[in-house]
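Protein chains in written order, with this note's numbering: chain A, 1 to 158; chain B, 1 to 371; chain C, 1 to 358.
Since the hints were made in silico from the structure, they are not lab data.
Owing to the predicted nature of the structure, the values given are computational and were not obtained by experimental measurement.
Among the clues, some could well be false.
Listed next, the stretches of chain A that the computed footprint assigns to chain B, with coverage defined by at least 3 CB atoms under 8 Å from CB atoms of chain B [to be verified]: (1) 51 to 62; (2) 107 to 120; (3) 135 to 148.
Glycine included, C-beta positions come from ideal geometry on N, C-alpha and C.
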Amino acid sequence: MFLKDYINDVYGAVKSLLVGMRRTGYYFTHHKEIITQQYPDNRATLDLPERFKGEVVMPHDANNEHRCTGCTACELACPNGTIKVITKFEVNAEGKKKKAIDKLVYHLELCTMCNLCVVACPSDAIKMAQTFEHSVYDRSEFTKILNNPGSKIMEGVE
Amino acid sequence: MVEALGSTQEGNLIINVGPQHPATHGVLHLVITLNGETIVHVEPHLGYIHRSIEKMCESLTYRQFIYVTSRMDYLSSHINNHACALTVEKGMQIEVPARAQVIRILMDELTRIASHELWWGAMAMDLGAFTPFFHAFRERESINDIMEETCGARLTMNYIVPGGVMQDIHPNFQNRVKAFLKMYKSKIHEYDEMVTGNIIFQNRMKNIGVLSAEDAISYGCTGPTARGSGVSSDIRKIYPYEIYNQLDFDEVLEHGGDSFSRYMVRIREMQESIKIIEQLIDHIPEGDFQAKTKAVLKLPKGEFYTRVETARGELGVYIVSEGGTTPYRIKFRSPGFSNLSVLNHIARGSKLGDLVAMMGTLDLVIPDIDR
Amino acid sequence: MWSLQKIANTIHEWLNTTFNSTIATTIEMVIAGVAVITLFALLGLVLVLMERRVAAWMQIRLGPNRVGPQGLLQSMADTIKLLVKEGLTPNGADKFLFNLAPFIAMIVAMLLMAPIAFAKDFQLWDLNIGVLYISSVSSIMVISILMAGWSSNNKYSLMGAMRSGAQIVSYELSAGLAILTIIVPIGSLQFSEIVQSQVNGWWIFKGHIPAIIAFVIFMIAVTAETNRAPFDLAEAESELTAGFHTEYSGMKFALFFLSEYVNVFIVCAVGATLFLGGWMPFHIGHWESFNHMMDYIPSSVWFFGKTFALIFLIMWFRWTFPRLRIDQLLNLEWKYLLPISMFNLLLMTALAILGWYF
């Protein structure tokens, strides 16, 4: 009786080990299963989804115009003070003084990419870009001004 | 990593298994008292990754504080966000549309599978089999790709908001999830071949770290730790939220109480999550993905508590509100904290080498314990 | 067909005609020493890279493939890295023993190279008790491990070293019995005779059932003897102690590391010689034309091919199985491997007496 259990033990153990070895042997021989992406070499073909949250940018069209009205909704929505909106007063076409955006200061080192600012913006001025290689040598490069110099707001955006 | 502190009177040796671990559990400091090779006492020292999340939330509005809870138990980040959103909705009596409910449950179950995959790979690696780790990550990367396409991020998604979800699902979502299910079902049997059925693995897990049902209840263990001892504690069955009471899935219970039972509970839970996803993926109702809410959320004065089932156990969110835009006090009841408290009890009397197997089956994520 | 034997003969004759015989022998010894050290270095480089790529392919990833074409220069980079590392000696360590231990490991590995037959008639020292010599000299390895653990002045190195010592001493029994089992029908301990006796087929086929059981037990026992996974408790990375070579860094660690890989090569070479025919090509009984065709492949290719196949098998074990605990390890040896190998020895003896082998 003891001998039968002993032999069954040994047989079951050896069988389980061989089954495991067959599985790794399969992976050793089938190289098409390898899923490694050779990253720095495949930058040309790298394709990130359009919703990927890399950093916040303000798209400008061909005439260097953006859609930001300076309403500071993004600054209020941001949980940790990443966005700072600096406004100025400028005289528009009808001669009235109106608030406009001077600088949209964006601290990339503080941003958590939570998307709350993009959702809060009423005029679709900012969106998330798909960049992810943010390393720089100088920390001051992290403080970005999102609106291009010399740009102004598009017509008809409110 | 390991240094001798000194000896106690009875000739016992005290060693530190220091904050920097060779295993992958995070920054946990264990002070172990050894008598030869037998463990006499284990004392966890916490706080190495305490970031005062609860205090930070007191200065954030109800829309803003959710992103920081993704970073508590980062492996089940959707479920953490879900718990916070449910509490805010309970306070403000917001009705979540059906489409958003289904999307939330799909995201939750995918996150549960991803968390259990990482647990399985890390557990095998702690015991010395390095290969299953990479195989587990292959599945986890597929889930991360699905999340990246819809939510925009792979680990801390910040997708579930009070009222529903932040954006509608991507048009590719259903196809991707179905492709993932097909791939996953063809690979599940490999887990049995490589790890579960392996005689060496079974010998290292059976009869190690036995936790009886009474002890599990008295220490407050929840999740697979308790279900491995036969204690029925699945919040999705007992206090169902969203539409879990309309879904057909089993609560996985094992009665052995040892490490192998806890292991089998999680393996079978992955299969139950597959069942839930299959029931829902073809029947996502049309409609809004977010309920219409006011721009600024204000909870009425009072206290609100919600509990959900994360991959580790029961997460409770308790909000005390004074009627303003920011909470007065938030408390998170983390599952890892209670599960860790049982380590001293089950480790007593076993060898030093078994401690690694036991910590693996408790599935500790230290940022969840320290918040 | 080139052959190593002819090259050795040519050098031998040239030396004997140029110098007198004492100087010629001395020069030959120096050449043999340099050749062994070169073989060591080459083996170390090749085996380290092979281990990393085999591991990577089993883990569905690519191995090192950046340094040099297909990663061939990776081992050079590792060697340079280990050479320039600082070699620390701990404060309270016993300096003499601490420095001596890695060298003893290397010396044992080099001594074991002597009787191995790399190709037809190409052995350093064909002594008539070759197998016994290998068995006994490999036991000296334990001394170097215990020396390393003791002299590090570190409780955990000592614990790791003692566990490793217990493991090696126990598994030597099973390995020895497995070797004995296959020597029974061969009848001689001399390496050249062992290989010659396989001219009509390898012993793993000729000795059928007991030989196959002996082979399996031998492979398990030598995996444990060289401290390889799944028996690598003494040097485990994710357990709580880091083993007997914790305190070693730089070149001394490189010597331990290298001697582990060379030990794996040597025990696989012994296994290949005893069970798979050494340098003897794959012959089947008296099928003359088939055997003659097989003879065209040089014998050194046969030998290294078989040895590397067994090395691959040992690597396959490492990357598939989890680790055993120390009590399970000793349990496996004393309750399973030893009784089975004793029974197997009896079985083989009975078969040899009855003549029921090919």
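message: Three residues or more, CB to CB closer than 8 Å: is that satisfied between the stretch 135 to 148 of chain A and chain B?
response: Coverage by chain B is violated for the stretch 135 to 148 of chain A (0 residues, Cβ < 8 Å).
query: For the stretch 51 to 62 of chain A, does the count of residues with a C-beta closer than 8 Å to a C-beta of chain B reach 3?
result: Contact hint for the stretch 51 to 62 of chain A vs chain B: holds, 3 residues under 8 Å.
task: Check, residue by residue, whether the stretch 107 to 120 of chain A contains three or more positions whose beta-carbon lies closer than 8 Å to a beta-carbon of chain B, and give the verdict.
output: With 6 residues closer than 8 Å to chain B, the stretch 107 to 120 of chain A meets the three-residue bar; holds.
Violation of the numbered hints given earlier is confined to hint 3; every other hint is satisfied by the structure.
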